[in-house]
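With the hints as constraints, model all of the structure from the sequences given.
Protein sequence lines, in the order shown, are assigned to chains A and B. 1 is the number of the first residue of the first sequence in our numbering; add one for each residue after it. 1 is the number of the first residue of the second sequence in our numbering; add one for each residue after it.
What the hints contain is simulated information worked out from the structure, not anything from laboratory work. Possibly wrong hints are sitting among the right ones.
What the hints assert, rightly or not - Taking lysine to aspartate or glutamate and the DMTMM-like style, the derived pairs with C-alpha atoms no more than 25 Å apart in a straight line are: (1) A:137 x A:152; (2) B:266 x A:44; (3) A:137 x B:7; (4) B:266 x A:121; (5) B:190 x A:41; (6) A:137 x A:41; (7) A:163 x A:108; (8) A:171 x B:7; (9) A:6 x A:177; (10) B:190 x B:239; (11) B:318 x B:307; (12) B:190 x A:66; (13) B:277 x A:66; (14) B:266 x A:41; (15) B:277 x A:29; (16) B:266 x A:55; (17) B:277 x A:44; (18) A:163 x A:125; (19) A:137 x B:101; (20) A:171 x A:152; (21) B:266 x A:152; (22) B:277 x B:375; (23) B:273 x A:44; (24) B:73 x B:31; (25) B:277 x B:262; (26) B:273 x A:41; (27) A:171 x B:10; (28) B:273 x A:29; (29) A:6 x A:108; (30) B:266 x A:29; (31) A:137 x A:108; (32) B:39 x B:248; (33) A:171 x B:101; (34) A:137 x B:10.
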Amino acid sequence: MAKSYKTVLMMGNPNVGKSALFNRLTGGDAVVSNYPGTTVDYTEGVLIVSGQEYEVIDAPGTYSLEARDAAEGVAVRLLAENPDAAVLIVLDATRVERGLYLVLEVIERGYPVIIALNMIDAARERQIAVDFRMLQKILGAPVVPTSAVSGEGVRDLAEMIRKAQRVDIAKVRARADGQFDEPETGCGLCGGC
Amino acid sequence: MALPAQDRWDLVDAITRRTVITGAYRRNLGDVLGDLTVKPLTGIPVAVAVLYAFWSIFCSFAGDLLTDGFMVKAFDNRWLPWLQGVWPDPASIHYFLFVGDPLAGNCFEAFGVLTSGLFVAIGVVLPAIFIFYLMMAVLEDSGYLPRLAVLTDTVFHRIGLHGYAIVPAILGLGCNVPAVTGIRVLETRKQRFIMMTLLAIFIPCGAQLGVMLEVIPDTMGWVMLFLIIGFGVFGFLLDRIIPGSNPEILVDVPAYHWPLWENVAKKLMNRTKSFLKDAVPFVLLGVLIVNLLYLVGVIDALAVLLEPVFVAWFGVPKETVGPLIAAFLRKDLAVAQLSTIAMTPYQMITAVVLVSIYFPCVATFVVMLQEGWRELLAAVGVLMVTVFVYGGLMHAIGILMGVA
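As C-alpha cells, then:
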C-alpha cells in the first residue's frame, strides 16, 4: 500500500518544462521561458487531487546532485530539506538519457519517485519513440508521458503522484539487464498500470 | 546505496537502449535557423539586427507613440492645469508636497507627488516597461537568449565572465532585482561577484531607460556609450583583481519555439502588475521624501557641503545632489528630476551617468543583501571607487574635448 506524501518536489534538468508543468498542476504563476536557468529560486503551490492535498515545490533545474552553480545548489538543498517528500522528476522525452542520471541519483538517495516524460509531443514530432511502459517496468516507479504545453497527460500525472515508489537501485540494474523477477504481490512492481 | 558515477552512466545507457528508439530525423526550418543564428559569420549580424530592432521598437512605441503622443498631452494639458486649479492654497506646504510649483508648465518641473510622481510612474515608465517586457518575453520564449550567450562568450571572457552572463545582463535592462538573483546561473563566486557589481553599477533598468528616452533623447546614446565602456573597463580590471576561476561556458541550447501567446500575455500581466503594486508607490513616496528634505533644508545643506566634489571634480552643478538622493529610491525619478536643472548637454550626460552608476536603488540593494552581505559590502566598495574615478574621468574627457 502506497504511503501518502504531503510534499512533492519537482526536479529535473534545466529547460525540460518543470515550471510549465508546475503551473499546470497548481495553477501557479512560475515564470516560464525557453532557456536553461529561468528558475533560480523555488516556487510553492498546492495541488488537490482525489481529496488529497499536496504541497508542490518547483525547484531550479539541475543536471546532477553535485551542484555546478548556485541555482543547482538551491535544488540540491531543497532535496535535503525535504526528506519526506516524493520527488517528481521531469524528463525531456526528446533526450531521456540526459535526465536519467538525476533519476538514478534521487533513487539512490532513497526518495520515492515518479517520472513525468514531458515534451512527449516534441518527441513524437522528432520521431523519437520512448517505451514508457518498459521504462516504468525497469525503474519500478510510475512513468507518465506529458506535455505541459498542451496539457496532455497532466491529469494522469496528478492521479499517479500518490503511487510514487521507493526503488532498490540493485533491482533497477538487474532489470536493465533483462532480469525481470516475478512480482512479489501480484502486479506490484510500480503500481503504474 | 550510491553507485560510482561511471556505473550510473552505464546504467543510464542500458536503460536507454531498452526504451528509446530514434527514427529518421528530418531537419526543419527551426534547426536551420538555429544553426545560422549561432555560427559567428551569420549569427553576429543577426544579433546586431535583433538588438537594434529591440531598441528601435522600444524607442518608437514607448517614447514616441505612447508617451509623447498620448501621455505628455494628457498630463501637461489636462491633468496639471486642472490640479493646479482645484488644489487649494498654492502657498501651503501640502500644495508644495502634492502639486509642487504652482507656475510649472509641465509635469516634470512641477515636482509634486500627484504631478511629477504620477506622470513619471504612469505616463513615462509604465509604457516603457510594458513595451520592454513584451519584447523580452518574445526573446525569452523563442530560445534566442542561449544563442546570444554562445555568440558573446569570447567577449565576456575578457572581463572574467562567460557568455551566459548576457542573460542576467539583459534581464537587468528590464529590472535589476530579478537579474541579481539570476546571477545564480554562473558557476564560481568570482563570476557572480563581478557580474553583480557590474550589474549594480553599469546596467540601467527599464524604468530609467524610459525616463532617459523622454528627457534626454538626443544625448541618451552618449550616456549608454559611457555605461558600456565603463562595463568593459571595470570588468577587465575586476577580472585581474578578483581571485578565482572563470570556467568555460557549458550551455544547453534549446530548439526554437514560437512564443506561446498565453505565456507571453501571462508574463506581461504579472510583470506589469508587480510594477504597479511595488514600484509606483515607491515613485510617489520618493517625490514626497525629496520634497520633505527640501522643506527642512537637508538637500540645500548637502548641496553646499558637497559642492567642491560636484563642481570641481565631477563638473556638474551642486543642485544635482537632490536627484542623487532620489536615485537611491528610484533611478527613474532621479533622471526626471535632473532634467529640470539648468546644465550644459555634457553636464547632463555626466549627471545621468552618475545617477546610473551611483548606488543601486533600494529594491536592488535588498536582493543583493539576500545573496550575501560580504559580496554586497565589497560591491559597494567597488562602486564608491568607480563613481569617484569614472565621474572624474568623464569630467576630464569633457575638458579635453572642450565641452565640459
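Margin query: Between the alpha carbons of residue 171 of chain A and residue 152 of chain A, is the straight-line distance 25 Å or under?
Written below: The given pair, whose Cα atoms are some 31 Å apart, is violated under the 25 Å limit.
Check: Does residue 273 of chain B pair with residue 29 of chain A here, judged by a C-alpha cut-off of 25 Å?
Finding: Given that 25 Å is the threshold and the Cα spacing comes to 13 Å, the pair holds.
Item checked: Hinted pair residue 137 of chain A and residue 108 of chain A, Cα distance within 25 Å -> 17 Å, holds
Check: Hey, residue 277 of chain B versus residue 262 of chain B, does the alpha-carbon distance stay inside 25 Å?
Finding: Distance of about 22 Å is within 25 Å: holds.
Next item on the list: Please work out if residue 190 of chain B and residue 41 of chain A have their alpha carbons no farther apart than 25 Å.
Entry: This hinted pair holds, its Cα atoms lying about 20 Å apart.
Next item on the list: Starting from residue 171 of chain A, check that the Cα of residue 7 of chain B is at most 25 Å away, please.
Entry: Holds - the C-alpha atoms of residue 7 of chain B and residue 171 of chain A are around 14 Å apart, at most 25 Å.
Next item on the list: Assess, step by step, whether the Cα of residue 137 of chain A is no farther than 25 Å from the Cα of residue 10 of chain B, and give holds or violated.
Entry: 18 Å, holds
Check: When you check the alpha-carbon spacing of residue 73 of chain B and residue 31 of chain B, does it fall within 25 Å?
Finding: Judged against 25 Å, a Cα distance of about 47 Å means the pair is violated.
Check: Is residue 137 of chain A close enough to residue 7 of chain B, meaning Cα to Cα at most 25 Å?
Finding: Roughly 20 Å separates the two Cα atoms, so the pair holds.
Notebook entry, point to check: Taking only the CA atoms, is the gap from residue 277 of chain B to residue 375 of chain B under or equal to 25 Å?
Noted result: Cα-Cα ~29 Å, so violated.
Next item on the list: Below or equal to 25 Å on CA atoms is what counts here, so check residue 266 of chain B against residue 44 of chain A.
Entry: Distance ~18 Å between residue 266 of chain B and residue 44 of chain A Cα, so the pair holds.
Checklist line | 25 Å Cα cutoff - pair residue 171 of chain A, residue 101 of chain B | finding: 80 Å, violated
Violated hints, listed in ascending order, are 6, 9, 13, 18, 19, 20, 22, 24, 33; each of the other numbered hints is respected by the structure.
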